[in-house]
Amino acid sequence: MFSLKEKTIVVTGASSGIGKCTSIAISKAGGRVVLIGRNEDRLIETFNKLEGIGHSYYTFDLLNFSEIKSLVSRIVTENGKIDGLVNSAGVESTVPLKVLSYKNLEETFKINVFSGIELTKHFSNKKNFSSKGSIIFLSSVMGSLGEKGKIAYCGSKAAVKNMIKPLALELADKNIRVNSISPGLVMTEMTDKLFASISEQSSQDIINKHPLGIGTPNDVASLCIYLLSNSSRWVTGTDIIIDGGYSIS
Amino acid sequence: MNKQDFFEELQELLELDFTLTETTVIGEIDSLNLLSLITFLDENFDIQKTGEELKSITSVKNIIDLIGEDSLS
Ligand SMILES: NC(=O)c1ccc[n+]([C@@H]2O[C@H](COP(=O)([O-])OP(=O)(O)OC[C@H]3O[C@@H](n4cnc5c(N)ncnc54)[C@H](OP(=O)(O)O)[C@@H]3O)[C@@H](O)[C@H]2O)c1
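Residue numbers (numbering that gives the first Met the number 0), protein chains in the order written: chain A, 0 to 248; chain R, 0 to 72.
Isolated chain A (complex conformation) (with noise of 0.2 Å):
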């Protein structure tokens, strides 16, 4: 296992699927983590679940941009600076060209792309963030590959997959690695939510695309620690697929 001792990592879609794994994995590797999500009563049962002491959560809604800037500040002032960010709040959208409009793109992208970036523009100020660190986009397979009903979601991923190149060449200065992971299907609440959308036979054939079936959060979790690990301190700017083969079948 790789060590996380004395960083202090925060996690945003903390109260839920991968997220919530990542952050419990952090615990256990050492680190402190800092927990964002809306929903305050799964933040807790996720803080509940944290090993070792230090650290906290903080309720927010990322559709409030403007407010991110002071939310950072105050992460800071109350846990010091930071050594990585996880990115894993997001939206799944299923929602066909004739019904998509502008307010759902929009959603879609705020979170799972706008946040991101604001979040990494203030995290990454010298005041803010460790002298060396890492950064971690949740992106997806869908990223690079298509599913009727999913212009919003594979758009705002593969905006996510190449972002981090220019993030990670403007952040190297400081030390800051930037990398993002594309996840084939994993069971979260978001893959409930893909299944509610679609026919029995559709998830099925989803399944059944994912040669080594299909994935946990733990399973991203153990590539979040690595990437959050000095044992990956030559990696930046690059997405990694983690997906039981879906992406090659």
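None of these hints come from the bench; they were simulated from the model. Bear in mind that the values here come from a model prediction, so they are computed numbers and not experimental data. Warning: the hint list may mix true and false statements.
[As the list claims (entries may be wrong)] Some, not all, of what chain A presents toward chain R, calculated at C-beta under 7 Å: (1) N47; (2) T93; (3) V94; (4) P95; (5) K97; (6) V98; (7) S143; (8) K147; (9) G148; (10) A195; (11) I197.
[Claimed, not checked] Distance windows between CB atoms, simulated: (12) A:D40 / R:E11: 39 to 49 Å; (13) A:S2 / R:I46: 49 to 59 Å; (14) R:E11 / A:K80: 51 to 61 Å; (15) A:A195 / R:I66: 17 to 27 Å; (16) A:D40 / R:T18: 44 to 54 Å; (17) A:I116 / R:D45: 30 to 40 Å; (18) R:K2 / A:S246: 39 to 49 Å; (19) A:R73 / R:I46: 35 to 45 Å; (20) A:E66 / R:E42: 23 to 33 Å; (21) A:G236 / R:S72: 54 to 64 Å; (22) R:S72 / A:I247: 46 to 56 Å; (23) A:S143 / R:K2: 42 to 52 Å; (24) R:L31 / A:Y101: 12 to 22 Å; (25) R:G26 / A:K27: 51 to 61 Å.
[Said to hold, decoys possible] DSS-like cross-link-like pairs, simulated, lysine-lysine; straight-line CA separation at most 25 Å: (26) A:K147 / R:K2; (27) A:K120 / A:K109; (28) A:K80 / A:K68; (29) R:K48 / A:K102; (30) R:K60 / A:K97; (31) A:K173 / A:K80; (32) A:K48 / A:K80; (33) A:K131 / A:K164; (34) A:K147 / R:K54; (35) R:K54 / A:K208; (36) A:K97 / R:K54; (37) A:K131 / A:K80; (38) A:K147 / A:K192; (39) A:K80 / A:K4; (40) A:K131 / A:K173.
A virtual CB, placed ideally from N, CA and C, is assigned to each residue, including glycine.
With chain A held as given, fit chain R with the ligand onto it using these hints.
Just chain R with the ligand now, with coordinates in the frame of chain A:
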């Protein structure tokens, strides 16, 4: 939404080339149109349904029963 607007919006949504009435039989709705119908019901009537739940819809009447006559003033 009144009934006439509902018929017109549904016709456009499902890209049907015949006018809809209360007794129109649409037939089986394909998977992409089912996804569109999910969004249509959610945005216009605040009704959240899954693809599986809508799979059995084959007529305008089925959809009106879901929405409730009262919602179509
Ligand atoms: N599950 C998969 O199969 C899969 C595959 C590929 C990529 N991904 C990506 O991995 C990431 C995590 O997915 P997941 O499956 O863990 O999703 P999830 O279980 O649905 O969790 C989503 C998280 O995002 C948070 N969130 C959503 N809207 C927010 C907002 N406006 N403000 C603050 N937080 C918000 C939610 O917090 P609250 O509910 O507390 O607001 C929740 O903690 C996403 O970016 C997703 O696109 C997932």
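How the hints compare with the structure:
no.: 1; hint: N47; result: violated, 30 Å
no.: 2; hint: T93; result: holds, 6 Å
no.: 3; hint: V94; result: holds, 5 Å
no.: 4; hint: P95; result: holds, 5 Å
no.: 5; hint: K97; result: holds, 6 Å
no.: 6; hint: V98; result: holds, 4 Å
no.: 7; hint: S143; result: violated, 21 Å
no.: 8; hint: K147; result: holds, 5 Å
no.: 9; hint: G148; result: holds, 5 Å
no.: 10; hint: A195; result: holds, 4 Å
no.: 11; hint: I197; result: holds, 5 Å
no.: 12; hint: A:D40 / R:E11: 39 to 49 Å; result: holds, 41 Å
no.: 13; hint: A:S2 / R:I46: 49 to 59 Å; result: holds, 50 Å
no.: 14; hint: R:E11 / A:K80: 51 to 61 Å; result: holds, 55 Å
no.: 15; hint: A:A195 / R:I66: 17 to 27 Å; result: holds, 19 Å
no.: 16; hint: A:D40 / R:T18: 44 to 54 Å; result: holds, 49 Å
no.: 17; hint: A:I116 / R:D45: 30 to 40 Å; result: holds, 32 Å
no.: 18; hint: R:K2 / A:S246: 39 to 49 Å; result: holds, 47 Å
no.: 19; hint: A:R73 / R:I46: 35 to 45 Å; result: holds, 39 Å
no.: 20; hint: A:E66 / R:E42: 23 to 33 Å; result: holds, 27 Å
no.: 21; hint: A:G236 / R:S72: 54 to 64 Å; result: holds, 56 Å
no.: 22; hint: R:S72 / A:I247: 46 to 56 Å; result: holds, 54 Å
no.: 23; hint: A:S143 / R:K2: 42 to 52 Å; result: holds, 45 Å
no.: 24; hint: R:L31 / A:Y101: 12 to 22 Å; result: holds, 21 Å
no.: 25; hint: R:G26 / A:K27: 51 to 61 Å; result: holds, 54 Å
no.: 26; hint: A:K147 / R:K2; result: violated, 30 Å
no.: 27; hint: A:K120 / A:K109; result: holds, 15 Å
no.: 28; hint: A:K80 / A:K68; result: holds, 15 Å
no.: 29; hint: R:K48 / A:K102; result: holds, 20 Å
no.: 30; hint: R:K60 / A:K97; result: holds, 23 Å
no.: 31; hint: A:K173 / A:K80; result: holds, 14 Å
no.: 32; hint: A:K48 / A:K80; result: holds, 24 Å
no.: 33; hint: A:K131 / A:K164; result: holds, 17 Å
no.: 34; hint: A:K147 / R:K54; result: holds, 17 Å
no.: 35; hint: R:K54 / A:K208; result: holds, 23 Å
no.: 36; hint: A:K97 / R:K54; result: holds, 19 Å
no.: 37; hint: A:K131 / A:K80; result: holds, 11 Å
no.: 38; hint: A:K147 / A:K192; result: holds, 16 Å
no.: 39; hint: A:K80 / A:K4; result: holds, 14 Å
no.: 40; hint: A:K131 / A:K173; result: holds, 7 Å
Going through the hint list in order, the structure does not satisfy hints 1, 7 and 26.
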